[in-house]
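Undergrad: Take a look at the letters that make up each chain.
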Amino acid sequence: MKPVAIAMLSLTHGHTRKYYQTLKENSKLRWVAVCAESAEIKKHFDSLGHGVPCYLDELEMFRKHPDIEAVVIASANQRHLAQMKLCAERGIHMLSMKIPSFDMTEYDEMIQLVERQGVVCQIELELHYNPVVHRIKQLIQKDAIGPILGFQATNITLSPVWAFPWQGVPEVSYGRRQKLKANDSRFRGGALCDHPHIFDMIRWMTKSDFESIYAEVGKNLRPDIEVEDVLMVAGKMRNGVSFLLDPSWSRLEERLKVPGPGWEVYPKRMEVNISVIGEKGTLMADCFGPNVYHNGAPNDRYTVQYTYFDEWIGMMDEFVSCIREEKTPMINLPWHRRTIEAMNACYDSIECGQPVTF
Amino acid sequence: MHLTTTPHPPQISNANDALRHLLEKYNASASFGWTLALNAHELATGSVTFISGGHLIQQTLTPSLYPLRPWREERRFVELRSIVEKQTVENVSLLRFRCFSPAQSESLKELLYREFDLCEWIGGGAITSLYSTITRDSVANIILSLSNGVVASIEASILQPAGSTRQDRHEVIASRGVTCDRVVDTQVAQESIYLYQSQNPTSYTDTDAELFGFPTETVTLIRAALRQCQSPVPIETLHAQHEHLTTMIDTAFRSSATNRRITL
Numbered sequence: 018m019k020p021v022a023i024a025m026l027s028l029t030h031g032h033t034r035k036y037y038q039t040l041k042e043n044s045k046l047r048w049v050a051v052c053a054e055s056a057e058i059k060k061h062f063d064s065l066g067h068g069v070p071c072y073l074d075e076l077e078m079f080r081k082h083p084d085i086e087a088v089v090i091a092s093a094n095q096r097h098l099a100q101m102k103l104c105a106e107r108g109i110h111m112l113s114m115k116i117p118s119f120d121m122t123e124y125d126e127m128i129q130l131v132e133r134q135g136v137v138c139q140i141e142l143e144l145h146y147n148p149v150v151h152r153i154k155q156l157i158q159k160d161a162i163g164p165i166l167g168f169q170a171t172n173i174t175l176s177p178v179w180a181f182p183w184q185g186v187p188e189v190s191y192g193r194r195q196k197l198k199a200n201d202s203r204f205r206g207g208a209l210c211d212h213p214h215i216f217d218m219i220r221w222m223t224k225s226d227f228e229s230i231y232a233e234v235g236k237n238l239r240p241d242i243e244v245e246d247v248l249m250v251a252g253k254m255r256n257g258v259s260f261l262l263d264p265s266w267s268r269l270e271e272r273l274k275v276p277g278p279g280w281e282v283y284p285k286r287m288e289v290n291i292s293v294i295g296e297k298g299t300l301m302a303d304c305f306g307p308n309v310y311h312n313g314a315p316n317d318r319y320t321v322q323y324t325y326f327d328e329w330i331g332m333m334d335e336f337v338s339c340i341r342e343e344k345t346p347m348i349n350l351p352w353h354r355r356t357i358e359a360m361n362a363c364y365d366s367i368e369c370g371q372p373v374t375f
Numbered sequence: 005m006h007l008t009t010t011p012h013p014p015q016i017s018n019a020n021d022a023l024r025h026l027l028e029k030y031n032a033s034a035s036f037g038w039t040l041a042l043n044a045h046e047l048a049t050g051s052v053t054f055i056s057g058g059h060l061i062q063q064t065l066t067p068s069l070y071p072l073r074p075w076r077e078e079r080r081f082v083e084l085r086s087i088v089e090k091q092t093v094e095n096v097s098l099l100r101f102r103c104f105s106p107a108q109s110e111s112l113k114e115l116l117y118r119e120f121d122l123c124e125w126i127g128g129g130a131i132t133s134l135y136s137t138i139t140r141d142s143v144a145n146i147i148l149s150l151s152n153g154v155v156a157s158i159e160a161s162i163l164q165p166a167g168s169t170r171q172d173r174h175e176v177i178a179s180r181g182v183t184c185d186r187v188v189d190t191q192v193a194q195e196s197i198y199l200y201q202s203q204n205p206t207s208y209t210d211t212d213a214e215l216f217g218f219p220t221e222t223v224t225l226i227r228a229a230l231r232q233c234q235s236p237v238p239i240e241t242l243h244a245q246h247e248h249l250t251t252m253i254d255t256a257f258r259s260s261a262t263n264r265r266i267t268l
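Going line by line, the protein sequences match chains A and B. If you read the first sequence in my numbering, its first letter stands for residue 18, the second for the next number, and so on. If you read the second sequence in my numbering, its first letter stands for residue 5, the second for the next number, and so on.
What the hints contain is simulated information worked out from the structure, not anything from laboratory work. For glycine and all other residues, C-beta sits at the position ideal for the given N, C-alpha and C. One thing to keep in mind: the hints can contain errors.
[Said to hold, decoys possible] Only pairs whose alpha carbons sit at most 20 Å apart, straight line, appear in this in silico DMTMM-like list of lysine to aspartate or glutamate:
1. A/198 / A/358
2. A/297 / B/141
3. A/236 / B/175
4. A/236 / B/89
5. A/224 / A/160
6. A/344 / A/160
7. A/236 / B/94
8. B/29 / B/175
9. B/113 / A/160
10. A/198 / A/63
11. A/45 / A/365
[Unchecked claim] From the derived model, a few chain A residues whose C-beta atoms are all more than 12 Å from chain B:
12. 82
13. 129
14. 228
15. 246
16. 252
17. 288
18. 308
19. 334
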């Protein structure tokens with residue numbers, strides 16, 4: 018199979034650096050170029066020594082590399098539609114970050130664009146390529162716990178806003194400046210926008226759709242940011258499954274400009290735990306464990322050192338396969354639309370103080 | 005050199021005898037006859053009965069029934085509350101509570117009775133609003149607010165297999181610090197001792213030397229009754245607390261039935 022010539026755009030998304038290794042090592046890919054959002058980001062990328070040409074103008078990159086077949090749109094949410102247009106019009110396949118857009122009109126425009134141009138657009142929900150998640154799905158499929166009655170999941174992390182400031186800017190993260198609720202100085206666009214995975218995963222695991230959803234925000238752990246950082250979500254699926262989701266930035270961090278060792282204040286920087294309660298049993302899973310631990314450099318703090326992150330390998334394999342074999346990705350724009358709607362429903366619920374029914 | 009053996013607590017296997025022993029040891033006594041009831045089937049007539057309030061949810065309260073909250077004697081909860089109260093963690097924002105039990109050990113209502121009380125006791129405020137989804141009286145997911153602005157979640161299930169141990173977690177998240185009764189990066193409760201033999205592995209967690217050998221639920225009930233005898237809380241107050249918690253349970257079921265957040 019001819020390797021897919023691939024590029025990256027913007028390099029401002031928090032997951033950007035996760036791709037570097039995969040793009041270099043996956044023999045089905047040929048990493049030809051990147052385009053940085055700013056001179057500062059270009060300087061940092063060039064300093065990493067990947068030997069991949071870095072541009073500051075997307076049109077220039079496409080002009081100089083007409084062989085580009087696919088891109089990873091590694092940008093802030095607000096940039097996605099314009100970049101999708103740019104790529105789709107050129108017949109370039111796209112790997113979109115986890116939030117294509119919170120504006121449903123804009124979202125539908127993306128769907129139409131992709132269908133019209135006949136390109137692949139895969140959404141980056143890498144958790145599907147996690148081995149623990151694979152095992153959970155398998156156990157559910159084998160009826161290990163019987164019909165599902167309850168589902169709980171966390172997707173809790175530290176806040177990336179100090180390293181990726183756009184995630185704390187409502188217009189860029191959420192798409193517009195909308196107050197969380199009356200008498201609250203905060204805006205939509207924080208922790209919830211960073212954590213779509215569990216809203217997607219419950220749909221796969223329960224094989225059902227949202228019936229109603231309720232969300233409530235807590236007092237911010239970081240009073241100096243203008244978006245929400247902790248919230249809880251509960252509700253019911255159409256098949257009666259009761260659920261509770263925690264998509265908070267409830268793990269405190271050092272305010273580093275570049276993520277790296279010593280980022281954690283709380284020992285564990287990220288957690289995705291899933292519990293599924295069935296008639297015949299209960300399944301409790303930590304999607305990123307067990308791990309190893311240390312209290313060494315740089316802060317001499319007890320720290321959880323993760324032992325694997327290979328989700329991007331499987332995800333990029335699927336992306337290549339969809340391009341070469343003209344298949345539709347598992348997480349495509351139409352499927353993902355409901356997940357985004359559910360997240361918007363959380364904000365609506367926070368605003369009105371009552372559950373939102375679908 | 006003269007070696008002495010470690011003092012060993014007296015071997016008392018009956019909870020009533022154990023309470024009597026502690027009352028004598030600490031020169032405390034009740035001015036009335038009493039009985040310790042481990043469940044609603046052991047309610048005595050004609051004397052005061054100390055019992056966990058959760059067992060009285062379906063009962064009509066009488067002046068001789070003392071609904072206690074034994075979990076407030078459990079060391080981990082005492083420490084969690086102390087950490088919040090002494091501001092070891094500051095500016096609490098979230099409580100994340102979970103309890104998965106076998107139905108043989110408690111009903112969903114009993115479970116919620118305890119967890120609601122822990123929310124208020126550890127969180128330091130009264131419940132002011134509540135949203136709940138409950139499936140088949142067995143699984144509940146609840147979000148509630150306290151009067152001090154703290155938001156809490158409770159994940160509850162009574163579908164653990166018969167004979168399995170309760171799996172719970174109580175985590176307090178604040179703008180300065182997190183406190184939890186579970187180890188970071190673990191999912192299940194740790195035990196003090198794990199014994200691996202040729203037979204099935206066994207584990208032990210003993211937390212009270214004076215009441216050595218009793219299960220935790222019995223230890224905490226005895227301690228709660230001892231505290232009631234030493235520092236009596238008026239029966240009217242105990243009954244009012246019980247009514248408050250049963251009202252919260254009714255509210256949770258009403259919220260689920262109507263799919264509404266209910267403000268109290």
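Undergrad: Work down the list of hints and note, for each, if the structure agrees.
TA: Right, here's what the structure says about each hint:
| no. | hint | in the structure |
| --- | --- | --- |
| 1 | A/198 / A/358 | holds, 18 Å |
| 2 | A/297 / B/141 | holds, 15 Å |
| 3 | A/236 / B/175 | holds, 16 Å |
| 4 | A/236 / B/89 | holds, 18 Å |
| 5 | A/224 / A/160 | holds, 13 Å |
| 6 | A/344 / A/160 | violated, 29 Å |
| 7 | A/236 / B/94 | holds, 12 Å |
| 8 | B/29 / B/175 | violated, 36 Å |
| 9 | B/113 / A/160 | violated, 28 Å |
| 10 | A/198 / A/63 | violated, 43 Å |
| 11 | A/45 / A/365 | violated, 43 Å |
| 12 | 82 | holds, 43 Å |
| 13 | 129 | holds, 34 Å |
| 14 | 228 | violated, 9 Å |
| 15 | 246 | violated, 9 Å |
| 16 | 252 | violated, 6 Å |
| 17 | 288 | violated, 8 Å |
| 18 | 308 | violated, 6 Å |
| 19 | 334 | holds, 29 Å |
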